[in-house]
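Undergrad: Please take these sequences and the hints and turn them into a complete structure.
Quick mapping for you: the protein sequence lines, in order, are chains A and B.
The opening residue of the first sequence carries number 1 in my numbering; numbering runs sequentially from there.
The opening residue of the second sequence carries number 306 in my numbering; numbering runs sequentially from there.
Note that these hints are calculated values from the structure, not bench results.
One thing to keep in mind: the hints can contain errors.
Unchecked claim - Mimicking DSBU-like on lysine-lysine, the simulated pairs with C-alpha atoms at most 30 Å apart in a straight line are:
1) B:Lys340 to B:Lys477
2) A:Lys277 to B:Lys382
3) B:Lys335 to A:Lys277
4) B:Lys389 to A:Lys203
5) A:Lys284 to B:Lys348
6) B:Lys348 to A:Lys277
7) B:Lys348 to A:Lys203
8) A:Lys203 to B:Lys559
9) B:Lys477 to B:Lys464
Unchecked claim - On the chain B side, residues computed to face chain A include the following (Cβ under 8 Å):
10) Ala307
11) Lys308
12) Lys348
13) Gly351
14) Arg358
15) Gln391
16) Ile395
17) Ile399
18) Leu521
19) Asn523
20) Cys527
21) Ile536
22) Gly542
Backbone N, C-alpha and C fix where the C-beta goes; we use that ideal spot for every residue, glycine too.
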Amino acid sequence: MVNLGFSIGDLHFKNPVMTASGTFGYGPEFDDFLDVSRLGGIVVKGTTMEPREGNLYPRMAETPSGMLNAVGLQNKGIDYFETNLYPCISEYDTNIIVNINGSYVADYVQLAERINSLEKIPAIELNISCPNVKMGGMAFGTNLDSAREVTKAVRSVYSKKLIVKLSPNVTNIADFARVVEEEGADSISLINTLLGMSVDVVKMRPALSTITGGLSGPAIKPVALRMVWQVAKAVRIPVIGMGGIMTTSDALEFLLAGASAVQIGTASFIDPQASVKILEGIEKYLIEKGFSDIKDIVGFINRTC
Amino acid sequence: MAKRIEDFEVIDNKRINNDFFILDLFSVNKLPDIKPGQFLQVKVDGSPETFLRRPISMHDVDYDNNAIKLLIQIAGKGTETLSKLQNGDILNIIYPLGNSFSIPGVKEKVLLVGGGCGIAPLLYLGKWLKSIGIAPDILLGFRNSERIIEYDEYLKIGKVFLTTEDGSRGEKGFVTAHSILSTLKYDRIYCCGPDSMMKAVAMYSRKNNIVCEVSLENLMACGIGACLCCIVETVKGNLCTCIDGPVFNINDLKW
Numbered sequence: 001m002v003n004l005g006f007s008i009g010d011l012h013f014k015n016p017v018m019t020a021s022g023t024f025g026y027g028p029e030f031d032d033f034l035d036v037s038r039l040g041g042i043v044v045k046g047t048t049m050e051p052r053e054g055n056l057y058p059r060m061a062e063t064p065s066g067m068l069n070a071v072g073l074q075n076k077g078i079d080y081f082e083t084n085l086y087p088c089i090s091e092y093d094t095n096i097i098v099n100i101n102g103s104y105v106a107d108y109v110q111l112a113e114r115i116n117s118l119e120k121i122p123a124i125e126l127n128i129s130c131p132n133v134k135m136g137g138m139a140f141g142t143n144l145d146s147a148r149e150v151t152k153a154v155r156s157v158y159s160k161k162l163i164v165k166l167s168p169n170v171t172n173i174a175d176f177a178r179v180v181e182e183e184g185a186d187s188i189s190l191i192n193t194l195l196g197m198s199v200d201v202v203k204m205r206p207a208l209s210t211i212t213g214g215l216s217g218p219a220i221k222p223v224a225l226r227m228v229w230q231v232a233k234a235v236r237i238p239v240i241g242m243g244g245i246m247t248t249s250d251a252l253e254f255l256l257a258g259a260s261a262v263q264i265g266t267a268s269f270i271d272p273q274a275s276v277k278i279l280e281g282i283e284k285y286l287i288e289k290g291f292s293d294i295k296d297i298v299g300f301i302n303r304t305c
Numbered sequence: 306m307a308k309r310i311e312d313f314e315v316i317d318n319k320r321i322n323n324d325f326f327i328l329d330l331f332s333v334n335k336l337p338d339i340k341p342g343q344f345l346q347v348k349v350d351g352s353p354e355t356f357l358r359r360p361i362s363m364h365d366v367d368y369d370n371n372a373i374k375l376l377i378q379i380a381g382k383g384t385e386t387l388s389k390l391q392n393g394d395i396l397n398i399i400y401p402l403g404n405s406f407s408i409p410g411v412k413e414k415v416l417l418v419g420g421g422c423g424i425a426p427l428l429y430l431g432k433w434l435k436s437i438g439i440a441p442d443i444l445l446g447f448r449n450s451e452r453i454i455e456y457d458e459y460l461k462i463g464k465v466f467l468t469t470e471d472g473s474r475g476e477k478g479f480v481t482a483h484s485i486l487s488t489l490k491y492d493r494i495y496c497c498g499p500d501s502m503m504k505a506v507a508m509y510s511r512k513n514n515i516v517c518e519v520s521l522e523n524l525m526a527c528g529i530g531a532c533l534c535c536i537v538e539t540v541k542g543n544l545c546t547c548i549d550g551p552v553f554n555i556n557d558l559k560w
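TA: Encoded structure:
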């Protein structure tokens, strides 16, 4: 028997495989393909106080080994989530984490307060790294003072586990990790998408309605891995790694580099079963390598080099 | 109907002309109920440039032989790779996806309008309509006579009317210029083709008070309503082409 569990403070996850916000809907979208309750956790679609229509079409462009998106946080708002989605997804036997977004610090605070009262939501992921909205999002995650301010404000009203999702679009990501840890974050997840762009040469115009968008997929994996490694060395709180994980081997790279857990994102678009396949693969790897606990491999490379 | 992820075997790959080919796919499993208008997502292996699945509509479904036909236009790297598949090759497919064309009333006079690659979903739709006792008329538009495809297949369903842009066969012009639209009265039109064509057909339908449904072909990533990339603006807000469509009543679209 291998122990795959990990914890953020006193919040236990049965295994280190979660799904990334914006790539897994709310869970039911994937019910036909896998048993969502097998996962360590799911991070549901980015949620805001008010409903948002998101950006104009086209919002997506395929790129080599990846894709750009500019969805722009389309969601039906917290009221709809609480009334219509929460009752049905809270049946899942897994940690359901809500990714929260806002234009102002007050939005984040209000949302955190609302979600604090939802019994079956043990954690929030504070999204200070969305590159696809004009106000808020990445603006908080690319300025140290703003990152500090919003983390501090949310921490003061939110009593459960606070995960802060960092933007890779910064010079030194470890600085941001240290700041949010200082302000009371319980965990850090990274990376959000990298700001990118694509031009349609046939139509001679940008491929996305917003011109720029967030790059995800295997194309960003080496960058994500480097940042996860840097952050894991900079903080004591658990780090959740993501960015282009498609296979078991990709996930293991993040764990070995110091991530306590991983999130599977874009991979779910190509193979909706990717997350459970990776979970099975990690277990198999541990058995084959003779490890009895996932913790034995977390940050393994940092012990030897 | 539950969505599935399944391997299909290529049992035929027939090149029709420079641009089009038909893939015949076989599953060892019994096919689920597939509704006309639904589509599938094909995984295209072999290149980092074909990272995402390709959404393709179902041209024909053969329940007796667990086979699905896809009519595909070579439009980029993904479809080019698919055009080179050989018998025995395996394709990973997620299906059946999306909604479907609505069921017309038994007495309704139905017209199917297709242009170019957009004729693909209309064959299975036509066969399905025929199976429930409705014989639709079919209006197909192509650029010229050399580009006409699958004509004989549509003849098996109903009366087929043609337009070509250069007049080399059928009536000259776009589908909306065809004389049947001014001489015959239809209750319902199902349409699939280029956006400009569908918009013109929508305008005609609205003017003549005809129920009209169009099948959209937006860029997609997941195909199952998770990524919210394939949205279309509707009177109900932004909806996903993959789960709320691909078939939309024109009254719901902001056209």
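Undergrad: Confirm or reject each hint.
TA: Hints, one by one, checked against the model:
The suggested pairing of B:Lys340 with B:Lys477 is violated, with an alpha-carbon distance near 33 Å, which exceeds 30 Å. The suggested pairing of A:Lys277 with B:Lys382 holds, with an alpha-carbon distance near 28 Å, which does not exceed 30 Å. For the suggested pair B:Lys335 and A:Lys277, the alpha carbons sit about 25 Å apart, so the restraint of at most 30 Å is met. For the given pair, B:Lys389 sits about 27 Å from A:Lys203 by alpha-carbon distance, which is consistent with the 30 Å threshold.
Distance check on the hinted pair: A:Lys284 and B:Lys348 sit about 26 Å apart at the alpha-carbon level, within 30 Å; holds. With a CA separation close to 17 Å, the supplied pair B:Lys348 and A:Lys277 stays within the 30 Å bound. A hinted pair counts as satisfied when its Cα atoms are at most 30 Å apart, and B:Lys348 with A:Lys203 qualifies at roughly 26 Å. A distance of roughly 23 Å separates the Cα atoms of A:Lys203 and B:Lys559; the hinted pair therefore holds under the 30 Å criterion.
This hinted pair checks out: B:Lys477 and B:Lys464 have alpha carbons roughly 18 Å apart, not beyond 30 Å. Annotation: interface hint on B:Ala307 holds; nearest CB of chain A at approximately 5 Å, less than 8 Å. A cut of 8 Å between beta carbons decides the hint on B:Lys308: the least distance to chain A is about 4 Å, and the hint holds. Because the beta carbon of B:Lys348 sits about 7 Å from the nearest beta carbon in chain A, less than 8 Å, this interface hint is met.
This hint is violated: B:Gly351 has a C-beta 13 Å from the nearest C-beta of chain A, more than the 8 Å allowed. With its C-beta approaching chain A no nearer than about 6 Å, B:Arg358 sits inside the 8 Å limit, and its interface hint holds. Hint status for B:Gln391: violated, given a least beta-carbon distance of 23 Å to chain A, over 8 Å. Hint on B:Ile395 is violated. Least Cβ distance to chain A is approximately 15 Å, over the 8 Å limit.
For B:Ile399, the interface hint holds, since its Cβ comes within 8 Å of a Cβ in chain A; the closest pair sits about 7 Å apart. Among the interface hints, the one on B:Leu521 is violated; its C-beta lies about 10 Å from the nearest C-beta in chain A, farther than the 8 Å criterion. Because the beta carbon of B:Asn523 sits about 7 Å from the nearest beta carbon in chain A, less than 8 Å, this interface hint is met. Hint on B:Cys527 holds. Least Cβ distance to chain A is approximately 4 Å, under the 8 Å limit.
With its C-beta approaching chain A no nearer than about 6 Å, B:Ile536 sits inside the 8 Å limit, and its interface hint holds. A cut of 8 Å between beta carbons decides the hint on B:Gly542: the least distance to chain A is about 6 Å, and the hint holds.
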